[in-house]
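Participant: Sequence:
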Amino acid sequence: MSAVVQQAAIAQSTGSWPGGDGGGGNWPRYPRLFDATPNSGPIVGGNTVQLTGTGLQGASLVTFGGTPATIVAVDPYGNWITVIAPSHAAGVVQIVVTTPRGTSNPVYYTYVPPAGPTVTSLVPNSGPTTGGTAFALTGTGLTGATVTFNGVPATGVSVNAAGTLLTGNTPPGPVGNVPVVVTTPSGSTTVPGGFTYTAPPPVAVSISPPSGSAAGGTAFVISGSSLNGASVTFNGVPATGVSVNPAGTSLVGFTPPGAVGNVPVVVTTPGGSTTVPGGYTYTPPPPPVATSISPPAGSTAGGTAFVISGSNLNGASVTFNGVPATGVSSNAAGSSLVGFTPPGALGNVPVVVTTAGGSTLVLGGYTYV
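In the numbering used here, each number is its position in the sequence shown, counted from 1, plus 46.
Don't read these hints as lab results, they were simulated from the structure. Among the hints, erroneous ones may be present.
Pair ranges (Cβ atoms, derived) [to be verified]:
1. Gly-348 / Thr-279: 37 to 47 Å
2. Pro-114 / Asn-171: 42 to 52 Å
3. Val-221 / Thr-286: 48 to 58 Å
4. Ser-405 / Ala-378: 15 to 25 Å
5. Gly-324 / Leu-211: 14 to 24 Å
6. Thr-314 / Thr-236: 31 to 41 Å
What you are looking at is a predicted structure, and each value in this text was computed from that prediction instead of being measured. By construction, the Cβ of each residue, glycine as well, lies at the ideal position given by its N, Cα and C atoms.
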């Protein structure tokens, strides 16, 4: 035991200071500090610190690095003081006690910065690119934290009092896995596994028109949301000319050929697939109409080029007296059909045009000469 501590013990038991104080009193003229327990604590303060020494009775002020502490209790014999440490920047500071007899020598106290944040889990760890997914991070040291997803701040961030639970909402982001970073005043950490943005599933509300020719080629519009990047099938057969507006709310295209009746229509995007309510009904194609053939006559040897005019002639075949013409094709509008006559017997013969919608006779037939 040091001489000073021995003197303090004697003073406590006898009520007098060995050797006097040079002024006729029972206590030292000036306060003296020996130690602080603990001698370190958090920068936020709030922890209890016990100061030991002599001549501390009547203490009116205790400072940590110049910042006043809260005095909780003072030993009437002047051997200790209990205080609540104030907040202070990180580092080593002096603790000094002031009494009516003066100011003590300093003892030293270390303010320790909090450990950096740690994250043990992120739930959920995936969500749509549109953002707005509520999430929860668990870990330690999360007080005062902000969170970014691929560098974009999350919204509605809050942390519980213990700094162990952080909640918020994801910002929008690109499809794929992105880094999630938690930042506090004491540092940053990257969340293991990050967060995976997924394309939102498509929503198809309606198709217009809801029916069309079994021959296909009918223009259609599908309305909904999240249709970007979509493909469309009618009973499993892809539609053609599909395109989507930038907002992803409208999709247009042309129906493929299909069997007469109602069939499912499926919209598929990177976010999934959906079936259009009500599907699509294929109706029999309209029957062909043939109004004329030019020229109306030609050699029995065949090979005469001809043009048949009318409507609904798409995909037609033509026979002359039951013998198929060659090189038959129609224009996109289905209003003209061309080909070459087959050989035939002398005289007038029937000319029949056949499509998926039925068959018709060309008025006047064709005369072989």
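Participant: Which numbered conditions among the earlier hints are violated in the structure presented, ordered from lowest to highest?
Facilitator: The structure breaks hints 3 and 5; every other hint is satisfied.
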